[in-house]
Amino acid sequence: GAVVSQHPSWVICKSGTSVKIECRSLDFQATTMFWYRQFPKQSLMLMATSNEGSKATYEQGVEKDKFLINHASLTLSTLTVTSAHPEDSSFYICSAVEGSTQYFGPGTRLTVL
Amino acid sequence: GENVEQHPSTLSVQEGDSAVIKCTYSDSASNYFPWYKQELGKGPQLIIDIRSNVGEKKDQRIAVTLNKTAKHFSLHITETQPEDSAVYFCAALLTGGGNKLTFGTGTQLKVEL
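Keeping their order, the protein sequence lines are chains B and W. Following our numbering from start to finish, the first sequence increments by one per residue and tops out at 116. Following our numbering from start to finish, the second sequence increments by one per residue and tops out at 141.
For the record, the hints were derived by calculation from the structure and aren't laboratory data. Every residue, glycine too, gets a C-beta built ideally from N, C-alpha and C. Worth double-checking, as some hints may not be accurate.
Example chain B residues on the side facing chain W (calculated, C-beta under 7 Å, incomplete) [unchecked claim]:
1. Val6
2. Val14
3. Thr34
4. Thr35
5. Ser46
6. Ile96
7. Ser103
8. Gly108
9. Pro109
10. Gly110
Using 30 Å as the maximum straight-line C-alpha spacing, the simulated DSBU-like pairs for lysine-lysine come out as follows [unchecked claim]:
11. W:Lys99 to W:Lys85
12. B:Lys67 to W:Lys85
13. B:Lys23 to B:Lys44
14. W:Lys50 to W:Lys99
15. W:Lys99 to B:Lys58
16. B:Lys69 to W:Lys50
17. W:Lys138 to W:Lys99
18. B:Lys58 to W:Lys128
19. W:Lys96 to W:Lys50
20. W:Lys70 to B:Lys17
Selected chain W positions facing chain B (Cβ under 7 Å, derived; list incomplete) [claimed, not checked]:
21. Gly29
22. Ala57
23. Tyr60
24. Lys70
25. Asn127
26. Leu129
27. Phe131
28. Thr133
29. Gly134
Chain B with its partners taken away, still in its complex shape (with noise of 0.2 Å):
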């Protein structure tokens, strides 16, 4: 079945400091590519679509210039977390497309000091 990995599967940080998270498809190319946040005892939240090759479209209420997605190939996005404070602390989810299938990453743990 396809895979999809995320790196790191956990990272704490200082506050004001910045966080990759990057998101692959092992086993097979995704034009699109999404990433969510969780919080704990919730569902997902979808955060933005990243489109390989043009820039990633955000949800509503979602800052593009703090979580800063980029889709350079087909198989990786990555997603960074600019100048983190606490309130960004969550579990950070990124499914790839196969189809019309969405295959999720096993997440990231983003803790915020």
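For this one, chain B is given, so just place chain W on it according to the hints.
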């Protein structure tokens, strides 16, 4: 846009019993309905999906039914096992929606020995 409601929010069953989780969607243009299982600290895993041209689909102990007229779909797990304990999310894909999924709020399933 699409709106997906999911019930119940928590479900506790005895090992060997069946579990049923129900979802309703609002937009009749939705045509693809996946179910995801999420274990604690991990990303969602696709367990079964159904398209709007099919009424039922089964994969071993898991089945999904779709009633397009009533705009609801259900996940059925038979002979539940402790390893089935997890959070289950339903989702709906709106035709022409750019592959964006709308998720339900999740069901915490607990299979007790």
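Right, here's what the structure says about each hint:
1. Hint status for Val6 of chain B: violated, given a least beta-carbon distance of 11 Å to chain W, over 7 Å.
2. The beta carbon of Val14 of chain B comes no nearer than 14 Å to any beta carbon in chain W, farther than 7 Å, and the hint placing it at the interface is violated.
3. For Thr34 of chain B, the suggested interface contact is broken, since its CB lies about 9 Å from the closest CB of chain W, more than 7 Å.
4. Given the 7 Å rule on beta carbons, the hint for Thr35 of chain B holds: about 6 Å separates it from the nearest Cβ of chain W.
5. For Ser46 of chain B, the suggested interface contact is upheld, since its CB lies about 5 Å from the closest CB of chain W, less than 7 Å.
6. At about 5 Å, the closest approach between the beta carbon of Ile96 of chain B and any beta carbon in chain W falls short of 7 Å, and the interface hint on this residue holds.
7. Taken as an interface hint, Ser103 of chain B checks out: its beta carbon lies about 6 Å from the nearest beta carbon of chain W, inside 7 Å.
8. The interface hint given for Gly108 of chain B is met, as the beta carbon of that residue sits about 5 Å from the closest beta carbon of chain W, less than 7 Å.
9. Taken as an interface hint, Pro109 of chain B checks out: its beta carbon lies about 5 Å from the nearest beta carbon of chain W, inside 7 Å.
10. A distance limit of 7 Å between C-beta atoms decides the matter here; for Gly110 of chain B the minimum to chain W is near 4 Å, and the interface restraint holds.
11. Restraint check for Lys99 of chain W and Lys85 of chain W: the C-alpha separation of about 16 Å stays at or below 30 Å, so the hint holds.
12. Between the alpha carbons of Lys67 of chain B and Lys85 of chain W the distance comes to roughly 40 Å, so the proposed pair goes past 30 Å and is violated.
13. The straight-line distance between the Cα atoms of Lys23 of chain B and Lys44 of chain B is roughly 24 Å, inside the 30 Å bound, and the hint therefore holds.
14. For the given pair, Lys50 of chain W sits about 11 Å from Lys99 of chain W by alpha-carbon distance, which is consistent with the 30 Å threshold.
15. Taken as a hint, the Lys99 of chain W and Lys58 of chain B pair is broken in the structure, with Cα atoms around 34 Å apart against an allowance of 30 Å.
16. A C-alpha spacing of about 37 Å is found between Lys69 of chain B and Lys50 of chain W, which places the hinted pair above 30 Å, so the restraint is violated.
17. Of the supplied pair hints, the one linking Lys138 of chain W and Lys99 of chain W holds, its CA atoms being roughly 27 Å apart against a limit of 30 Å.
18. A C-alpha spacing of about 16 Å is found between Lys58 of chain B and Lys128 of chain W, which places the hinted pair at or below 30 Å, so the restraint holds.
19. The suggested pairing of Lys96 of chain W with Lys50 of chain W holds, with an alpha-carbon distance near 14 Å, which does not exceed 30 Å.
20. Only pairs whose Cα atoms come within 30 Å are accepted, and Lys70 of chain W paired with Lys17 of chain B is accepted, the gap being roughly 24 Å.
21. Contact between Gly29 of chain W and chain B, as hinted, is not supported at the beta carbon level, the nearest pair being about 11 Å apart and thus beyond 7 Å.
22. The interface hint given for Ala57 of chain W is violated, since its Cβ lies 14 Å from the closest Cβ of chain B, which is over the 7 Å cut-off.
23. About 6 Å separates the beta-carbon of Tyr60 of chain W from the nearest beta-carbon of chain B, less than 7 Å, and the hint is met.
24. The beta carbon of Lys70 of chain W is positioned within 7 Å of a beta carbon in chain B (closest approach about 6 Å), and the interface hint is therefore held.
25. With 7 Å as the threshold, the beta carbon of Asn127 of chain W comes within range of chain B, its nearest partner Cβ sitting at about 5 Å, so the hint holds.
26. Evaluation of the Leu129 of chain W hint against chain B yields a held restraint, the C-beta minimum of about 6 Å falling below 7 Å.
27. Annotation: Phe131 of chain W was flagged as interfacial toward chain B, and the flag holds, the nearest CB pair being 5 Å apart, inside 7 Å.
28. Hint status for Thr133 of chain W relative to chain B: holds, with the closest Cβ pair at about 5 Å, below 7 Å.
29. Look at Gly134 of chain W: its Cβ gets to within about 5 Å of chain B, closer than 7 Å, so that hint holds up.
Violated hints, in rising order: 1, 2, 3, 12, 15, 16, 21, 22; the structure is consistent with all others.
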